[in-house]
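Fit chain B to the given chain A structure using the hints.
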Amino acid sequence: MISRRNFCKKTMLLVGGMALPLTAFELFDPNKLLADKTDTAPVRWVFLVDTKKCVGCGFCVKACKTENETPYDANVTRTWVERYVVTRDGRTHIDSPKGARDGFTTARVDIGEGRFEEIKGEDVDKAFFVPKLCNQCDNPPCVQVCPVGATYQAADGVVLVDRKWCIGCGYCVMGCPYGVRFFHPVYHVAEKCNFCYHRITKGMKTACVDACAFGARRIGNIKDPDDPVTRIIMTERVNVLKEEYGTKPQVFYIGLSKEVK
Amino acid sequence: MKNHVWRPLYVALAIVLLILTARLFLVPKDFGVWERGYMYSWHRKGNEADWRAVKVKYKTTVYCKECHAREFNAINNSPHANIMCENCHGPALGHPEDPPTLTIDRHRDLCARCHALLPYKAGGRADIRGIRIDEHHPEAECVLCHWPHNPRQKGGA
Numbered sequence: 001m002i003s004r005r006n007f008c009k010k011t012m013l014l015v016g017g018m019a020l021p022l023t024a025f026e027l028f029d030p031n032k033l034l035a036d037k038t039d040t041a042p043v044r045w046v047f048l049v050d051t052k053k054c055v056g057c058g059f060c061v062k063a064c065k066t067e068n069e070t071p072y073d074a075n076v077t078r079t080w081v082e083r084y085v086v087t088r089d090g091r092t093h094i095d096s097p098k099g100a101r102d103g104f105t106t107a108r109v110d111i112g113e114g115r116f117e118e119i120k121g122e123d124v125d126k127a128f129f130v131p132k133l134c135n136q137c138d139n140p141p142c143v144q145v146c147p148v149g150a151t152y153q154a155a156d157g158v159v160l161v162d163r164k165w166c167i168g169c170g171y172c173v174m175g176c177p178y179g180v181r182f183f184h185p186v187y188h189v190a191e192k193c194n195f196c197y198h199r200i201t202k203g204m205k206t207a208c209v210d211a212c213a214f215g216a217r218r219i220g221n222i223k224d225p226d227d228p229v230t231r232i233i234m235t236e237r238v239n240v241l242k243e244e245y246g247t248k249p250q251v252f253y254i255g256l257s258k259e260v261k
Numbered sequence: 001m002k003n004h005v006w007r008p009l010y011v012a013l014a015i016v017l018l019i020l021t022a023r024l025f026l027v028p029k030d031f032g033v034w035e036r037g038y039m040y041s042w043h044r045k046g047n048e049a050d051w052r053a054v055k056v057k058y059k060t061t062v063y064c065k066e067c068h069a070r071e072f073n074a075i076n077n078s079p080h081a082n083i084m085c086e087n088c089h090g091p092a093l094g095h096p097e098d099p100p101t102l103t104i105d106r107h108r109d110l111c112a113r114c115h116a117l118l119p120y121k122a123g124g125r126a127d128i129r130g131i132r133i134d135e136h137h138p139e140a141e142c143v144l145c146h147w148p149h150n151p152r153q154k155g156g157a
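Those sequence lines, one after another, are chains A and B.
Going letter by letter, the first sequence gives residues 1 to 261 in this note's numbering.
Going letter by letter, the second sequence gives residues 1 to 157 in this note's numbering.
So that you can see chain A by itself, here it is in the shape it has in the complex:
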């Protein structure tokens, strides 16, 4: 039989042990602390979208799908363009047929399931196009939820997916508040925009930036104070999507409207 004294002693020990966080057992590493404090990576890729310049031609989507081998006719894409049409009755019509792969060539709005809504020119209060892509967040929720370490953030801020390591659980697809992730129809693993990592690391621009004839899309290095994109982000009025989620998105928008979600 266990004595009362012994029982109390052991209970205290157990409770005390359980209260210790796992981090208390982690060895103190001054190098890691220094790294956390002074992020020394020379590059941090950011993106700047000027929605006022976008005309909804969709050349960016076409270029992206070809460059990154996203099956052209599959209804998935790494980047897409949304159209917002606000009518006089106060309603907002939003569509992005095929991710705007073929642009917007008609005034009627795609309302899904093969149906369209005719919108007359005189009813339109305002209409604009908003390109979307991965925000390469500083606090990427998609990375936090990956159970196997298949998606991660590189030192330059770009979030990548390891196609050999991904098990296809789909947590990241659900975890992204911006809906940029999908399953690749060929590789059957999570897929997303990675700022054309193979291009930006060679000193080129992303395929969508090169394809845009209107300068609506730009990519830059926020660590470089002389970078024109950095100057605009630092000195002009820019906004980000869904700031309230705390993801610290790194795609900045000029000319966002309250209708944009």
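In short, the hints are calculated from the structure, not lab data.
Any given hint might turn out to be false.
To be verified - Partner residues aside, some chain B positions facing chain A, computed with beta carbon under 8 Å: (1) Arg44; (2) Asn47; (3) Arg113; (4) Pro119.
Just so it is clear, CB atoms sit at the ideal spot from N, CA and C, and this is done for glycine as well.
Okay, now just chain B, sitting in the frame of chain A:
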């Protein structure tokens, strides 16, 4: 304690050891915690090089003008100056070796991406000259009358 208590423990220990040994061989050497810490950077380092090695398909206008200076100069002095060659001429890939010739998209839909008239009063689209694509010579390709390398000029391509 008696032997029958220890025996299952040995079995459990053996399983743990087996898993640890298997892990030693199965997990790549470069798998670990990298620059952004455990939360965001727990990954296989070699994958970054895998992504860097992806083939570039769009070579941009800088590449095209090496050989096609005449076309480059023509479009560069036109309202279409900002349109990348490969938007209409397909990605260059390894051109001229592979493929020797590029596909040229002459379809009306390509021009309609920007020039289809949308009834929006403000914004970039309103500043572009638009046509009603189903009324403005719907039977013809635009390039029959408009030279895309300089839309100010007439002529077929």
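Structure-based check of all given hints:
1. Evaluation of the Arg44 of chain B hint against chain A yields a held restraint, the C-beta minimum of about 6 Å falling below 8 Å.
2. Interface restraint check for Asn47 of chain B: the shortest CB-CB distance to chain A comes to about 4 Å, inside 8 Å, so the restraint holds.
3. Interface hint status for Arg113 of chain B: upheld, as the beta-carbon distance to the closest one in chain A is roughly 3 Å, under 8 Å.
4. Using the Cβ-Cβ criterion of 8 Å, the hint placing Pro119 of chain B at the interface with chain A is satisfied: the shortest such distance is roughly 3 Å.
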